[in-house]
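*Asks:* Chain by chain, the residues:
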Amino acid sequence: MKIVIINYGAGNIQSILFAIERLGFTAMLTNNPEEIKAADKVIFPGVGEASYAMKMLKESGLDTLIPTLTQPVLGICLGMQLMCKHTQEGDTTGLGIFDVDVIKFTPKVKVPQMGWNQIYNLKSGLFKGIAENEYMYLVHSFYAPLCDEAIATTNYEEEYASALENNNFYGTQFHPEKSGDVGEQILGNFLKL
Amino acid sequence: MLTKRIIPCLDIKNGRTVKGVNFVDLRDAGDPVELAKIYSDEGADELVFLDISATEERRKTLVDLVRKVASTINIPFTVGGGIAAVSDVEVLLQNGADKVSINSSAVKNPQLINDLAQKFGSQCVVVAIDAKQIDGQWIVHLVGGKVPTELNLFDWAQEVEQRGAGEILFTSMDNDGTKNGFANEALAKLSSLVNIPIIASGGAGNIQHFVDSFTKGKADAALAASVFHFKEIEIKTLKNELKNNNIEVRI
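Line by line, the protein sequences are chains A and B. Mapping the first sequence onto our numbering, position 16 (from 1) lands on 16, and the numbers just tick up by one. Mapping the second sequence onto our numbering, position 213 (from 1) lands on 213, and the numbers just tick up by one.
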């Protein structure tokens, strides 16, 4: 199986590579459109600032490539947010794969949300064998409100979509690669899709 | 619900985990990679990996060790020590760190906080603040608590938040190594003044101290080293006790 991680200069990619290795696979880091198109699974990471990340995507033409992919694609954290229509972070237009606008938590809660929170209302093959209310690791200041494409819910300030699915595109606000054994199982589920 | 976090701190010198009493008389508490794996398996929520000799000896953080830790564990970890530039952070993130912690370099060059937040996002920028009370004022100190600055803890905390820090790791030098509990009054004041998470550090000696750091100190996370390294407190027992005290934890 050919797994690629899209490399567009967005922070911590190594921990995803390591998690995939722990699952017994190898992944290739690349920004080459041909390699990405030819992959069986594509992971679109994030960690970083939205407008900067989008600028990097545009410079390499990946902003037009990603929405055309037909194999399973998993956006993680900022990757998921960039797959939405728009994000308030840096007033950034996203890839429009998920039909939702990303907004910021208000000062009613500590921002960023940082730490382990529960996921529930799980609705996807991505969560095969995963119990409701497992804890996942999240670090984010912006979030996707609940919407039709939500496949997991988390509560911080309000209930919001902590994972999204639209056809072959998946997104998790949490970091499966950093969420212990259960997180690794979710990543493993994605690789088996 | 978002849980309170328990964070073992791996103080590193020459590739080994160490923890001193009031930052002197360092003792060897084992292999950091092995410890990281044990803590991850026992339910630690996060790890902090601090190269405590870095600032003093002008050494760069041990990138190889970061890679080994990152390849072994599946929970997030923060790396600090000797980080003075955006390029230092890039190297650490590329090698598997999730967040970086900056301390002296932020005091010397506060713009670094803005630069890191802009490039990598606030979520991976932890500003560590070491402070102790001098004439009733909490004064920020550098170089492992040896050098006092002009900065007041609370003013500095607000400034680092404004500049884009995602989290504050506050170590009370008065409490560190004493095992008499965290500086809960200062912690609670910090928590009321800033709207980013606060990690309590310095003074953990028993389970009640952790309970107090969350209830009285309003901390979002509590960090300790020696009580974990020397198995005086088991993380599983600690988390069960926290739960018994109605504190949300991941078990």
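To be clear, the hints were calculated from the coordinates, so they are not data collected in a lab. A hint or two may mislead.
No more than 25 Å apart at the CA atoms, straight line, and that leaves these computed lysine-lysine pairs for DSS-like [stated by the list, open to error]:
{"id": "1", "chain 1": "B", "residue 1": "K218", "chain 2": "A", "residue 2": "K104"}
{"id": "2", "chain 1": "B", "residue 1": "K146", "chain 2": "B", "residue 2": "K216"}
{"id": "3", "chain 1": "B", "residue 1": "K218", "chain 2": "A", "residue 2": "K108"}
Not everything, but these chain B residues come out facing chain A in the computed CB check (under 7 Å) [what the hints assert, rightly or not]:
{"id": "4", "residue": "S71"}
{"id": "5", "residue": "P76"}
{"id": "6", "residue": "N195"}
{"id": "7", "residue": "E232"}
Don't be surprised by glycine CBs; every beta carbon is placed ideally from N, CA and C.
*Asks:* Work down the list of hints and note, for each, if the structure agrees.
*Replies:* Right, here's what the structure says about each hint:
no.: 1; hint: B:K218 <-> A:K104; result: holds, 23 Å
no.: 2; hint: B:K146 <-> B:K216; result: violated, 28 Å
no.: 3; hint: B:K218 <-> A:K108; result: holds, 15 Å
no.: 4; hint: S71; result: holds, 5 Å
no.: 5; hint: P76; result: holds, 5 Å
no.: 6; hint: N195; result: holds, 5 Å
no.: 7; hint: E232; result: violated, 24 Å
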